[in-house]
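There are 2 protein chains.
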Amino acid sequence: MPPLPDPTLTAILDRMPVARLALRELDDEPAALPIVFARAAGALWSPIDGKRKRGGATLGRLARLERAPRVMLVLDHYHPDWSTLWWLRLRCIAQVVVGEHAQWAAAVAALVDKYPQYQTTPLFRDEPIMVRLEWTSVTWWAAAPDGLTRWLAAQPARGDD
Amino acid sequence: MPPLPDPTLTAILDRMPVARLALRELDDEPAALPIVFARAAGALWSPIDGKRKRGGATLGRLARLERAPRVMLVLDHYHPDWSTLWWLRLRCIAQVVVGEHAQWAAAVAALVDKYPQYQTTPLFRDEPIMVRLEWTSVTWWAAAPDGLTRWLAAQPARGDD
Chain A
615 MPPLPDPTLT
625 AILDRMPVAR
635 LALRELDDEP
645 AALPIVFARA
655 AGALWSPIDG
665 KRKRGGATLG
675 RLARLERAPR
685 VMLVLDHYHP
695 DWSTLWWLRL
705 RCIAQVVVGE
715 HAQWAAAVAA
725 LVDKYPQYQT
735 TPLFRDEPIM
745 VRLEWTSVTW
755 WAAAPDGLTR
765 WLAAQPARGD
775 D
Chain B
615 MPPLPDPTLT
625 AILDRMPVAR
635 LALRELDDEP
645 AALPIVFARA
655 AGALWSPIDG
665 KRKRGGATLG
675 RLARLERAPR
685 VMLVLDHYHP
695 DWSTLWWLRL
705 RCIAQVVVGE
715 HAQWAAAVAA
725 LVDKYPQYQT
735 TPLFRDEPIM
745 VRLEWTSVTW
755 WAAAPDGLTR
765 WLAAQPARGD
775 D
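Quick mapping for you: the protein sequence lines, in order, are chains A and B. The opening position of the first sequence corresponds to residue 615 in this note's numbering, with each subsequent residue numbered one higher. The opening position of the second sequence corresponds to residue 615 in this note's numbering, with each subsequent residue numbered one higher.
Simulated from the structure, these hints should not be mistaken for lab results. Treat the hints loosely; a few may be bogus.
Intra- or inter-copy, both count: the list cannot distinguish identical chains.
[Claimed, not checked] EDC-like cross-link-like pairs, simulated, lysine to aspartate or glutamate; straight-line CA separation at most 20 Å:
#1 K665 with D620
#2 K665 with D727
#3 K665 with D760
#4 K665 with D695
#5 K665 with D690
#6 K665 with D740
#7 K665 with E680
None of the values given here were measured: they were computed from a predicted structure.
Let the sequences and hints guide you as you build the complete structure.
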């Protein structure tokens, strides 16, 4: 596939509400989990938010990321019409950050803008903790050459419009 | 979370059309990709099918699985109503199999039954190759205690009904 134009990539990152984060378990086995995320200051940010969690699982995730920060974020579109399928895979460096990070306010604003759910779900659970994902390479696939732009064109308008 | 009843697990596996497979790259970094799959003979089966692929990528995937067969399959439900979210994670042993496998016919039948798309998309591309995933453990999470059964109840009826 040819390189993905940056505006297409950022538009997809801003519109896709969920992605799957592939990471290494403490025993080095591969794992993945769905996350919400928003783009700000050239990176992606995923909060440890107030959605109901299993006890201990979240802290375990942070320990895994600190031990093995090289991860992959997968965004993909599934639909019964297989001519519309696509995926994006971003190799990322993960960093666990807390409230004093220089881009913290921008990240919070991006998350609240992207997810109206944070009007009722707490953005943080106990402490303010986010995972910052800096992507280092992007690969993609689409069943149709214009699959990504067609998907973007079909997304509802965002935010204040 | 309490153990998931087997009928709930198998019903979800039979209804969910897509999952993300987390695996290890040749350099041991974690990766994931979306796959289609069907359940037959106590395992899950995912074909190297005729959806348009990148050159070489498929063979690369098989080499990775043969080298590092311990993988994780993630099924999850995303919806703007976050009270409906859930995920299932299956630790699996992956095996690359070809047409002479004893359960081959059952696996093909399950895939064709689950995906009407295979009436027009070739089930195999070049050679008949499938990835067989045998799950060894299951963990799950749901935002609401009855999230999985509510999702199942909302799925359209399948196949011949």
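Consistency of the hints with the structure:
no. : hint           : result
1   : K665 with D620 : neither (31 Å within a copy, 26 Å between copies)
2   : K665 with D727 : within (17 Å within a copy, 36 Å between copies)
3   : K665 with D760 : between (35 Å within a copy, 15 Å between copies)
4   : K665 with D695 : between (32 Å within a copy, 11 Å between copies)
5   : K665 with D690 : between (22 Å within a copy, 15 Å between copies)
6   : K665 with D740 : within (12 Å within a copy, 45 Å between copies)
7   : K665 with E680 : neither (22 Å within a copy, 37 Å between copies)
Taken one by one, the earlier hints fail for this structure at numbers 1, 7, listed in ascending order.
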